[in-house]
Amino acid sequence: GAVVSQHPSRVICKSGTSVKIECRSLDFQATTMFWYRQFPKQSLMLMATSNEGSKATYEQGVEKDKFLINHASLTLSTLTVTSAHPEDSSFYICSAASGQMNTEAFFGQGTRLTVV
Amino acid sequence: DQQVKQNSPSLSVQEGRISILNCDYTNSMFDYFLWYKKYPAEGPTFLISISSIKDKNEDGRFTVFLNKSAKHLSLHIVPSQPGDSAVYFCAVQETSGSRLTFGEGTQLTVNP
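As you go down the protein sequences, you meet chains A and B in turn.
Positions in the first sequence are counted from 1; adding 172 to them yields this note's numbering.
Positions in the second sequence are counted from 1; adding 1111 to them yields this note's numbering.
Calculated directly from the structure, the hints in this document are not laboratory data.
All values reported here derive from a predicted model rather than from experimental measurement.
Each residue gets a CB set at the ideal place from its N, CA and C atoms; glycine is no exception.
Watch out, some of these pointers could steer you wrong.
[As the list claims (entries may be wrong)] Just a few of them, taken from the derived set where beta-carbon distance is under 10 Å, the chain B residues facing chain A:
1) ASN1118
2) PRO1120
3) LYS1149
4) GLU1153
5) ILE1164
6) GLY1171
7) GLY1194
8) PHE1200
9) GLY1214
10) GLU1215
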């Protein structure tokens, strides 16, 4: 299957700093990328949808100024958690799809963010 | 408002037996249904899917059943293997795009 690479897999940062997470599609062009967040023992919650070259669409309750998403190319999307706080500690997962109607999105390995 | 529900947070079965994971949804507009398997600290891995025009899809040991009138789908794994132990998420897709809405997940444990 298609490969989606997410980096870093684990990051610890100090409160108030910013963290960037990268999501790359390695063998296909991802016109749409999705960012999810998973709290312990809970489901994956969609944060935002990004299409290459346009602004991301954020889900209700997700602060767009705090979670900056950039989808500058067909193979790369980044999520930047700005001014991170301990409550932002979570497991962040990206997924990539090759078309608007592509049903089988492929997921990255996830990033465990810990804010201390 | 939980649109997709997996009411069993955990399931334990014996190796070689059948595992049945269930999922209920509320929106009849959902058009595509998927199951993902997830290990701790990893992203979900796609397992099997079914479109709303079908009621069954089979792939090796995995079979997904869809009951549209009941808004219910299930994943059958037979025979179950210890390596199947993981969290299983059902996900649904709205007709108009590829956004996925996930259930809460079911932790499957297959005992040797």
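Status of each hint after checking the structure:
no. : hint    : result
1   : ASN1118 : violated, 13 Å
2   : PRO1120 : holds, 8 Å
3   : LYS1149 : holds, 9 Å
4   : GLU1153 : holds, 6 Å
5   : ILE1164 : violated, 13 Å
6   : GLY1171 : violated, 15 Å
7   : GLY1194 : violated, 18 Å
8   : PHE1200 : holds, 7 Å
9   : GLY1214 : holds, 6 Å
10  : GLU1215 : holds, 5 Å
The structure fails to meet hints 1, 5, 6, 7 from the earlier list, while all remaining hints are met.
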